[in-house]
Amino acid sequence: MITINVRTSMALSEILGNWKFQVSLPQTSTFGDLLNQLTQTHGDELKPYLFETDGKTLASHIMFMVNGRNIRFLNKEKTVLQDNDEITILLPAGGG
Amino acid sequence: MYKGGYTGKILRINLTDHSVKEEALPFQTAKDFIGGAGFGIKYLFDEVPANSDALGPDNKLIFAPGPLSGTNVPCASRMAVTAKSPLTGAVGMGLSGGHFPVELKFAGYDALIVEGRSKEPVYVWIKDGEVKFRSAKTLWGMKTTDTQQIIKNELNDQNVRIACIGPAGENQIKIASIINEWRAVGRKGLGAVMGSKNLKAIAVRGGEKVKVNDKDKLKEARKVFTKAMKDSPVLYPAFANLGTPMVVDHLCHMGIFPTKNFLGTGAYDPIEQIGTAVQATRNAGKEHCYGCPVGCSQVKLAKTGEYAGIMTEGPEFETMYSFGGATGVENIDAIIAADRLADEMGFDTISSGVSIAFAMELYEKGILTKEDTGGLELRFGNDTAMMAVLRQMSYREGLGGLLADGAKIAAEKIGKGSEKFAMHVKGLELPAYDVRGAKSHGLNFATSFTGADHCRGYAFQEIFGIPVPKEVDRFTAEGKGALTKWNQDIRTATTDAPTMCGFLLDMAVVGIATRNTADLMEAITGISYTPDEILSVGERINNLARAFNVREGFTRADDTLPERLMTEPIPGGVSKGHFISREELKLMLDEYYIARGWDVKTGSPTRATLKSLNLEYAADVLNL
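Protein chains in written order, with numbering that gives the first Met the number 0: chain H, 0 to 95; chain D, 0 to 623.
By construction, these hints were calculated from the structure, which means they are not laboratory data. None of the values given here were measured: they were computed from a predicted structure. All residues carry an ideal CB built from backbone N, CA and C; glycine is no exception. Do not take every clue at face value.
[Unchecked claim] So, partial list: chain H residues that the calculated Cβ filter (under 10 Å) puts toward chain D: (1) 26; (2) 29; (3) 62; (4) 77; (5) 81; (6) 85; (7) 93.
For reference, chain H alone in the conformation it holds in the complex (with noise of 0.2 Å):
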C-alpha cells in the first residue's frame, strides 16, 4: 500500500471532512483510482463537484494536481501515484 496526502479548498474540505488528510492505496494506484475511492466514500455530494454533468468527465474548473503539478500536464487520471505524493484538488477562486 501507499499513502497518499491530500489537500482541498472550501467546499470539497466540508464534503470530505478535512482540507488536508491521508488515504491509502494499493501499489501502482491511479489519480483516477483516488478519485474513485473518494466518491465510493462521498459519492452523491462530491460528485457533481469533481465531473462534469456526464459523471466521468473531469470538471474543466477544478484544478487538479500531484505534487504542485495540474494532471492536465501528465497522465491525466491515469497518473500513478507513488507513496508520499502531495495531491491538491481545488475549487475555482479568483481575486488578488
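With the hints as your guide, set chain D onto chain H.
Quick look at chain D alone, frame taken from chain H:
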C-alpha cells in the same frame, strides 16, 4: 459629437495659478485608447516632459474613468490614475473602484488632468462643471476618513465623493496612496505626487446622466455579460461571500503564498492562522462599488487584545500577504489594524508590508540591529514591532523613515549586501505570488510597465487553472512570452481602459471578453470595433507605456526579478524546488519581445511596431 459613453470633455486643473480649462476629447484619442488606462498613458506620454521630477510641478496626475462607467453595465465604476511614479521613475498607474469614478462622469468629465503645484494646501471641489479651489490648511495632517467627512460637512453634502491623501502623501513618502472612501489607488506612490502638488483632496458631485447610443443593443450585450457572471463557477457565492482573501488558502495549497520575505514559501504555510476559516470569525459586513451586484469587499472587525474594536474594509488578499505572510505575522487582528492604519495614513499596504518584511530579514541576519530599530525586536512574526514601524512611516520617523520610500531605496541606503533581500522589480515591491512556481506571472512582474504589478498581466491560467486561451503548465518557461503579452493586452483592453472590474475578467468573462467589450462599446458609444481591434487597443496602450519608460531610460536590463527568485528554489510545499533560473528568464524575455515586435537586445518597441499601432509619433520622440 459623441453618441454616448463619453461626455466629450476633459477637465484640466492647474494648481500653480488655480486656472481651469475644459477641453474637447479628441475623437481619435477615444477611438485608439478607449478611456481609463488608455487616456492615462496617452496624456502622460504626450504631456509630461522626459526626465521630469515625479514630485515636481511638471508631473501630471490623470484621473480617468472609462466610457462604460456610469452606464448600467455592472462593475464598471473604475478609474485609472496615472502619473510618473516617484517610487519607480516609470509609469505610475493604479486603478480603483468605489463611487468616485462614476461621480466624475456624472460631473461631466471623461478625465481630469491635474497640473502644477499649489503654493498652499488646497482641495478641489468639482460640481456639475463648476470648479472651486478651497483651502486645505485645516485639513493638512488629517487622516483620510476624517478628511472625507469634514469635506462633506463643509460642503453640506454627504453624497460628495472624495479622493484624498493622508499624512503619508503630504510627506511625500514614495509608497503613499490615494484613498477614495475606503478604496485605494494604492501603489507606485501616486499619493506622494498628489502631496507634492499640495493637493489634499478632490471632491466631486454631478447630476449628468451618461448617454447611451443604442439601448436595445446595450440590453443584449449586457444580457450576455450578466449571464457569464451568473454562470461563473466562483463569483457566486464564493467570491461574493469571501472576497479576495479566499486566495490565501488557494495559494497556500499551491505552495506559492510567499512567507517571511520569500524565505519561507511552502515551508511555513499560515493557512490555519490567517486563512478563510479565521477570516470568517472577523466578518462585520461587506461593501459594494457603484453598480456592483457582487460586493466582494469584506469589512472586518478585530476582536482581540490591543486591536479589539478596530474595523476596516479589507484586508484584501494582498494585504493578508503583506502584513501577514511576508512579515510572518499570524495575528489576524494585527493585520486588520495594520490595514486600517495604512488606509488612514494613506500608504500602500503591499509596499509597506513587504518593506517591513525586508527589514525583518535584515534584523534576523544581523544587518540591522536594535540600534537601527530603536530597540524594536524586529523579527518575523512580531506584530507589535510591525505596527510600531508602520506608525513611523507616514512621518518619516525612526526606522519607518528609512523604509518609507520602499525596499529598494532603503537597501541603497543600508548597503551591506542588503540589496539582494529587497523584493522588488523596478522599485515596486512584489505582490502576493511566489512566481518561482508560476512563471508567466513572474514574467509579467519583470515586464509590466509599472514594475512588479499583479494588476497588469495576471496569469490566471497558472493561478486559477483557467484554460483560456489555453491550458498551461505553471512550472514551465516555454511559451510564456506570448502568453504574458496576451494577458497584459487583454486586461488593459477589456478592463483597464473601458473601465471594468478586473476580477470579472478571470472569474467570468474571459472567454467572451473582446467580443463583449466590442458589443458594449458599440452599444454605448456608437464606435465600432472588431474583437481583434479591442485587443489591439490593449497592445497600443502597453506599447505607449513602454515607450514612456524607454524615454525615461529603462532597458531590457530592468526587466528582471529579485535575485532570490532566480537562485533560491522554493523551500517547501508542493512547489518545492522550483525557481526561475536566469536562463529561463532570458528565454521568456526573448519570447516576449519577439511576440511584442520589440528589439530583443534593448527591449524597446521598434518603429515598425509603433507604426502598426498608429503610434509612429512615439517612434519619432524616441528617435527610433
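Now for the hints, and whether the structure bears them out:
no., hint, in the structure
1, 26, "22 Å, violated"
2, 29, "19 Å, violated"
3, 62, "4 Å, holds"
4, 77, "17 Å, violated"
5, 81, "14 Å, violated"
6, 85, "5 Å, holds"
7, 93, "4 Å, holds"
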